[in-house]
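Trainee: Below are the chains, spelled out letter by letter.
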Amino acid sequence: MLLQRLSLGLITLFVVSLIIFLGVSLLPGDAAQAMLGQSATPETVAALRKQMGLDQPGYIRYFTWLGGILQGDFGVSISNKREIAELLGTRFSNTIFLAVFAAIIAVPLALALGIMAALHRNSIYDRSVNVITLSSISTPEFFVAYILILFISVKAGWFPSLANVSPDTPFVERLSKCFLPALTLTLVVVAHMMRMTRAAIINLLASPYIEMAALKGIRKLRIITRHALPNAWAPIINVIVLNLAYLIVGVVVVEVVFVYPGLGQLLVDSVQRRDLPVVQACCLIFAATYVLLNLTADILSILTNPRLLHPK
Amino acid sequence: MSKLTKLEQELRAGRLSRRDFLQATSALGLGAVAPSLLSPAYAAPNKGGKMTVGLGHGSTTDSLDPGTYENDFMIGSAFARFNFLTEISNSGELVGELAESWEVTPDAKEWTFKLRSGVEFHNGQSLTAEDVVNSINHHKGEESTSAAKPIVDPITDIKADGDTVTFVLEAGNADFPFLVSDYHLAIMPSKDGKPDWESAVGTGPYMKDSFEPGVNLKLKRNPNYWKEGAAHFDEAELIVIADVAARTNALNTGEIDMMDRCDIKTLHLLQRNKNVVIEEISGNGHYTIPMRTHLEPFNDNNIRLALKYALDRENMLQTVLGGHGSIGNDHPIGKGQRYYAADLPQKSYDPDKAKFYLKEAGLSSLDVDLSAADAAFAGAVDAAQIYQENAAKAGININVIREPADGYWSNVWNSDNRGWCFSYWGGRPTEDWMFSTAYASGASWNESAWENEEFNKLLVAGRSELDESKRRDMYVEMQRLCSDEGGSVVPLFNNYIHATSTKIAHDENMATNWANDGQRYLERWWFA
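Heads up: the sequence lines are chains Z and X, in that order. What the first sequence shows, in the working numbering, is residues 1 to 312, in sequence order. What the second sequence shows, in the working numbering, is residues 1001 to 1528, in sequence order.
The shape of chain X in the complex, shown without the other chains:
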């Protein structure tokens, strides 16, 4: 990728100010480029029009219950129909959404949110603190099947009082306001003391017109939407187009205004279309190759380090992602996150170092099985073969086992049936969330079964620490521990790539917490 396009992306992703962008481009001798990036698209939003979106996810088995949302189609629909207590803005800051402000006790255990007044649901019902309590309780308890259960389980008590809601936590958590921005924790109206998800009613920017799971969702603008400068389209339709070629065709013929998950292999062809803009966001989504650290031979950290040095990450980035991503450093924290450890030495391909660590482990060569299926991510099998080739030079024989994609997550991943396999994480908005989900002792998705006392202590301490700089040091140390002692190889962070017609405009900044501008494209974008 040329230096310029990289700068453009950084500018779009909001990691580069306009001034820095201009400086960097003039340093490249490219002073007069891409003026369009700097001005017109960011003019004041227009109202109106029908936005048609083609999405790769979505299934006939999708349900409206927010506890079951797990694909991009339902996540996008959640942000279109619902509001949440808090929101991660397009510049990455946490701002209040239905909560106007919040307070916390010094031990970070009791969080009190003050609700915005005068907010109405699509059905005319007014938002009350009771609705918030019921909506959160929907995910709690023995009977809950919600994917958000691990997030809300530490809540021991929720109290509604006038226009405030107080959450009492088992243990302090400084990130709690981030957690309630999760797309599962939609605020729904109550009906007989239960949240009413069947009606799909929320307080969000758009109202459901019709929904056919696995086919489409039609929405119309919420005329009473409380948020200023948001929800610009009159109507919107999300269409499930599972086949990426079909999605690309539809964008080319103008039948849709936006597609997600562009095909990397044909991206250069799509680029030729003058009416299409391709946008990349480097977010927190990343690939992992977790080793079960309690099983032979991965219980020896020397073996883990040998394997970490035996991989040519650059090579994998170019082959699997065509350069559309960045290399990982064996921890799950993305460059855009608050406590990203920028100074941590990058692990790179070094067969000699790998051999050294093998020797430390008392071995001269090593045979390991690596399970892969394209269910983990598109190109996982290719990635395994690249690893195999790289590692051979360090005397490590990787035997690639091609697993069936069907049932991969229940039979291969996160189970002791296999010692080493591929996995994918969409990333989490906070460090603590990511670590507690997949690296903490006892977490059900601790895919590498990693038990590190120091790490686990830091994790608990960091969670309730309210002093920013102390907190930063703790998280940097945790990233170092993951990188040097952890059980997962984290080779790549993938970019989210979507394409829109040139008619679509959006703010200068694009959120990086999820794909497609934090999946809030319907709320934030407009027709230029």
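So here's chain Z without its partners, still in its complex pose:
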């Protein structure tokens, strides 16, 4: 079953790479033109195309690239000749760092808020938490980011507004630099996870076994954490994982506002420059992230559900 899922994932990746390749080829202009910009002349474009290997037909370039990938070689960027693996290395770890940082704040917060909201259903607390989280998810990310910068960075001066980390930035400084971007992302993803936690638990609260537990005289908090939550994990995990994937692949805007050197900015630059190998590599990483995280979600759901864990 796991093997089947993995091979399906690989096929997905292959299809994604094909779609990306065709998509970028359909865009007007190529890397040589994009690189020379306004200063392009027919001769320099032709010379550059030859240098970049763009004078070969598309399918040959695609299969050369695919052959390289299968041997673990991402190739070189066509616009500045750097090894793509090296180019992606620090940026990917930056992206993961920010995602993990945001997740460490967001996931416990969302779970706690959601459980509390289910516990005090329809109370003032429940309503205000809903209003606040829903407003923060409805506000565009860049706006949330600017508001945070204005109050926390410009007015109060607690945290820097630039998150320009480099590999030699000390850990504590890195945390401080990344705090505002992580907080922005937290505000964006908390609502979804919190609402799902609340809904999944409330859904179970009407079940006979919960009523039984209540009749036994167990405290409400214990009913929720010990009786309702274990059965609510599957949908909650799915939503959490979906949001984790978003934290990795959907943060371009936050990266731009905070000048954070992550993968998103690299992808945007590369699409603009039609740097196909880099675009392909970024997209493969993003697609692989989705596939792997979804797989993890399924596995975790099975582990938390004894009926699925021990099928008859």
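Because the hints were derived from the structure by calculation, they are not lab data. Note that beta-carbon positions come from the ideal geometry of N, C-alpha and C, so glycine has one too. All clues given are correct.
Computed spacing ranges between beta-carbons, pair by pair:
1. K1159/X - G23/Z: 45 to 53 Å
2. G1193/X - L175/Z: 47 to 55 Å
3. A1342/X - I19/Z: 52 to 60 Å
4. K1159/X - G53/Z: 31 to 39 Å
Fit chain X to the given chain Z structure using the hints.
Mentor: Structure of chain X alone, referenced to chain Z:
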């Protein structure tokens, strides 16, 4: 903009002497203003400190190869790491940099540069004439992809002899020493007979510490720098901050000491910050609206003139640039340039004249398409709409086509797919350079496909003319031809606007050839 701030800018830009400034301000009844402009910042430079700069340009696809430099980030980094044969000083004069002096034959065809002695590269290698030859040859030849190819292609031979380098040109060019100040023509050390650009080593004021394309460039001072009174910072970091709001925030919080490309719309808010100085340079950068002069209906000069008179330039200046610029006169030469034609009558908004020229062309009304995208410059689409409104009063219906910004330069601009579109030029330090790039017959960027025999003759004659006053007359005439017969509407010259923290100081003069003090801010500025 108030008269005073305008005077202040002119003073800073070096077009006004201090005496003139004082006279003008006292005439305005403002005798006691802005003493800070006149004294302390121009005191002797201090050494030391780390200069952090936030720049709007810079991409992950940037390469260290000088032939590929095309954005402000790499241009600034070029002037920080490299020297060039010549330099345009902050008062606009041409001075020698790695060349100590130069000589020319009377036909302006053979230029001999004598190199400065005792100059060392960052890696300890001594500068030789061979290095210069290899560095220039890097941009030449069939295989070259360099953006500087059109500049160096007319060189037929380069010879190194001891400490001199001789360039033989196809045809005379009196401006050749200006051309070799171009930011692409960096002098690099040689390795196996080839210039070594991968190592980023030069003879310049700063040495590369680390470079992450599209993220940052860290530099440290070159301890053996040969130039007196230059390179004052111990360290510098250039950071790519593409988002202008992020750049402004970083300057406000003191995380950077300087930002370029300020947001015109929020400039008045930035001005409130007491720790920030906003500086404007009126340079040679300008917007153009080229018509393809070999296509209907633009092949008729009456139509071109009608369109030139149908635009309210002042209105466009206020709306698109918020007044931070000056109006153009349909030729590409800036006010600060040597042969600027100051006496040329200014074309202004005159619907009646426009109607007159339409009639001359045998038409009572005209429908034209105008392509615009913000890739040309920020606000190009707004500018097109202003044009549309202005021209309607002269019976000209402009149909504004909004083009995708992506691929604008390859599909819309300079192609016969579109008759009329928007474009932008950073300007060139010399008249000949600008004209030969974008107005000469056969030039690949002749965006208006303009073929004017008289203009082209003058251009060739002017290029090799060594007599200053004859030369001036020729260039004035060329500007007139552009303005009256050319294919481009040149509505605006934009100011370069940057902002620094009050800690930064610089010389009284600021260069106007490029933004940010000729992009030599790291070499010329210091911490007060």
